[in-house]
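Participant: So you can see what is in the structure, the chains are spelled out below.
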Amino acid sequence: MSEGHAGFMLVGVGGGGCRVAAAAVGTLGAGPQAVGFDTDALATRAVPGMRCVLLGVPRLEGHGTGGDPVKARLAAQDDREAIRSACAGASLVVVVCTLGGGVGGGATPEILRTLREQGAHTLCFATQPFAFEGAERRAAADRALPLLEENADVLVVLPLDDLFETAGGATLAEAIPQADDVFASGLTLLWRLLLTPGFIPLGADDLRAMLRQSAGRCRLGVASASGSGRGPEAVARLMHGPLLRRGEGLANAHAVMLGVLAGSDLCLAELSEIMARLKAALASGCHLRMGTVLDARYAGTVQLVALVFEGCTRETPAAAPEGAAADGLMRTAAPGRRGRATGGKSKLSFGATGRGRFRNVEPTLRGGEDLDIPTYLRRGITLDR
Amino acid sequence: MPIPPIAALEIGTTRTVALVGEVGDDQRVRIIGHGAYLSTGVRKGQVVDLGQAKVGVEIAVRQAEDRGEVNVRQLLLAVTGGHIEATVNLGALPVRARDRVVTREDVEEVLDIAKAVNLPPERDVLHTISQTFTLDGQEGIAKPEGMQGTQLAVNMLVLHGLRNRIENAIQVVRDVPFEIQDVAFGGLCAALAVLTPEQKRNGVAVIDLGGGTTSYLVYAGNVVAAAGSLGVGGEHITNDLALAFNIPIVRAEELKRQHGAARVGSDSGGKRITLPQEVGFAERSISLKAWHTVIHARAEETLLLVRAALHDGGVLPQLGAGVVLTGGGAYLPHIVELAERVFGQPCIVGTPRNVDGLQDVPDPAAYATAAGLVLYGFKTFQENSVLTPLRDWLKGVFKR
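From first to last, the protein sequence lines are chains A and B. Per numbering that gives the first Met the number 0, the first sequence starts with residue 0, numbered consecutively. Per numbering that gives the first Met the number 0, the second sequence starts with residue 0, numbered consecutively.
Keep in mind that the hints were calculated from the coordinates and are not lab data. You may find that some hints are simply not true.
Computed cross-link-like contacts, DMTMM-like style, restricted to lysine to aspartate or glutamate with a CA-CA straight-line distance of at most 25 Å [stated by the list, open to error]:
| hint | chain 1 | residue 1 | chain 2 | residue 2 |
| --- | --- | --- | --- | --- |
| 1 | B | K288 | A | E116 |
| 2 | B | K270 | A | D383 |
| 3 | B | K288 | B | E339 |
If you anchor each label on the Cβ, the simulated ranges turn out as follows [to be verified]:
| hint | chain 1 | residue 1 | chain 2 | residue 2 | range |
| --- | --- | --- | --- | --- | --- |
| 4 | A | D383 | B | K142 | 31 to 37 Å |
| 5 | A | A138 | B | R162 | 47 to 53 Å |
| 6 | A | A130 | B | Q170 | 26 to 32 Å |
| 7 | A | R276 | B | D266 | 54 to 60 Å |
C-beta: ideal position from N, C-alpha, C; glycine also.
Using the sequences and the accompanying hints, generate a full structural model.
Facilitator: Spelled out as structure tokens, the structure:
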């Protein structure tokens with residue numbers, strides 16, 4: 000890791016996660032410090048150009064988990080020390096995993112938790128399996144999402160079916176690498192943006208600020224265009240692409256972080272047009288941050304990467320102090336406001352989670368609040384850990 | 000004619016309780032048999048699985064039968080749940096007699112008018128409780144018969160609930176099979192069991208902190224002035240803890256009992272609860288302060304919701320005798336001081352003082368609803384037998 004990267008780290012978890020992380024590292028060259036975690040010794044050897052740590056060797060003897068997330072979780076728990084030392088010094092970690100199998104869904108929450116305990120901010124990218132992979136893998140992914148959401152500062156969920164749509168009539172053999180490509184290119188873009196000193200910098204501090212404010216979930220949008228009219232073209236692709244739900248994702252956004260990567264031939268007018276078009280698609284009051292990176296290798300093209308945060312907690316009230324009780328109802332978070340809690344996030348952005356054992360019963364609603372969701376979450380009370 | 004024993008059943012969210020009581024020579028009700036079994040198939044006071052709930056009923060009633068050496072065929076059922084609401088309905092009537100003296104017929108008619116509440120078709124009336132009468136604008140008259148005036152009015156507190164929810168609970172009991180003699184609101188029963196006549200006169204709120212629901216009932220000026228139920232209870236505290244600290248529900252419940260507190264005290268700072276290793280969960284520790292913070296947040300919110308309901312009902316200033324907490328949740332450490340702070344009133348834990356025979360149970364407040372239901376049964380029996388003797392009542396419980 001070069002010193003300039005100031006505690007950034009890229010972590011791939013499981014076979015898919017390592018593959019994507021390695022692809023991102025490959026395009027970045029001497030880029031960020033990266034490490035992969037997997038239980039399968041054969042798979043880790045097949046990952047080029049990236050250090051991989053084998054988890055749970057005494058337990059699994061270097062084999063895969065056979066799609067069992069419990070085995071993976073135990074393996075990660077066994078090797079928390081190894082995870083700590085592999086990620087020592089990292090302050091902002093991007094964790095990549097693919098859900099549906101064992102390690103991605105099982106080990107990632109443990110790794111995120113370990114990182115959080117070390118004081119690192121985490122941004123987790125997780126893919127949901129293709130629909131054709133079957134209901135079982137989809138269900139495994141759905142089971143893992145709440146755990147990821149609980150342990151990551153920000154969770155970016157990428158349904159592979161959305162990526163697949165961009166692949167058009169691709170064959171199966173093309174679809175997965177292509178999906179990996181989109182995923183990796185989004186990561187790469189984000190990474191360059193964070194690490195390259197640009198004219199309009201968008202640094203880790205900005206991302207950390209967003210992470211602190213966000214209520215957990217975010218979408219990733221990636222688009223590129225070249226030639227004349229590249230700016231409007233790229234924005235149109237970004238806005239109307241399936242990754243951002245054809246504009247719906249932007250309309251509901253509370254904050255957007257846009258990265259523009261272009262050749263040094265990028266004009267000011269092009270940049271302002273990109274911003275104007277994007278702004279028009281956002282709700283008023285949406286917080287938009289932009290950064291640019293100019294690179295001669297990208298002459299004639301423009302690439303856009305957008306992190307679209309769907310919930311912000313800038314107005315979260317302070318935790319209720321003990322002793323003031325009678326008027327406490329007033330301080331209770333307003334209906335629909337997302338609370339930030341447990342040192343990271345609210346679970347409210349997920350319909351099915353946060354309700355625990357009340358998941359399948361009629362909710363207790365009062366004044367627009369779902370009382371089945373823990374009070375400390377709704378009030379935005381931060382818990383000591 | 001001796002009054003036969005009466006059996007009462009409460010299908011709670013955490014526990015199903017059955018009690019058999021009889022009236023002694025001193026006219027006090029004595030519990031002769033009690034049974035309790037963990038409830039499954041009940042969420043927030045609602046039966047969600049008939050079969051599972053039935054198991055709890057069978058075992059609890061059998062225990063009560065064995066201890067009381069009786070056979071139960073009929074019983075009374077307590078119902079609760081967030082669907083139970085109270086509506087105040089006004090009945091008014093011009094005094095007909097030429098001398099404008101209120102007759103017994105006037106009183107009965109105005110009560111009938113006030114009882115006739117227009118409810119949505121899916122709701123059933125559980126109780127109608129008359130408030131004091133008003134005669135030509137003069138309020139607070141307890142017995143208007145014989146007084147002079149032109150306009151007689153009375154407010155009726157009508158407690159009602161969703162028919163389907165009540166029917167589900169009844170169905171569980173019928174499946175066993177037992178017959179149902181009567182159905183009563185759990186919050187009303189708890190109040191019957193724990194309150195003194197003096198508290199009722201001075202104004203008091205009874206809050207029954209159940210597993211799945213929190214029911215409340217207010218006496219103001221010796222009449223029931225407000226009542227209701229929230230679908231939030233002790234189970235929510237357990238669920239909050241399980242989610243906050245990522246532990247299984249069963250473990251969270253157990254630890255709540257060991258380390259629960261409704262306040263975040265200065266003494267909890269720096270202390271930790273150690274969780275031993277379990278399958279799939281490594282050994283770790285939890286900050287006691289965070290643990291108490293989660294419990295305090297939920298307990299305070301629940302009490303504040305009750306306070307808001309009492310405020311809306313206009314009865315908050317009438318609690319001269321303060322607040323009485325009952326139900327299993329009343330045993331949460333420091334809940335009394337929390338309630339005192341929330342209501343700004345003295346607060347005590349109420350145990351079933353109006354019945355005997357529950358001295359041996361470790362947590363009598365958790366039996367308040369069922370004990371009150373036994374009292375309610377005898378009260379109804381005595382009132383009914385004065386007017387129209389009900390032969391069916393005699394068949395409820397047989398001495399072995």
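Participant: Please flag the earlier hints that this structure goes against, numbers listed from lowest up.
Facilitator: 4, 5, 6
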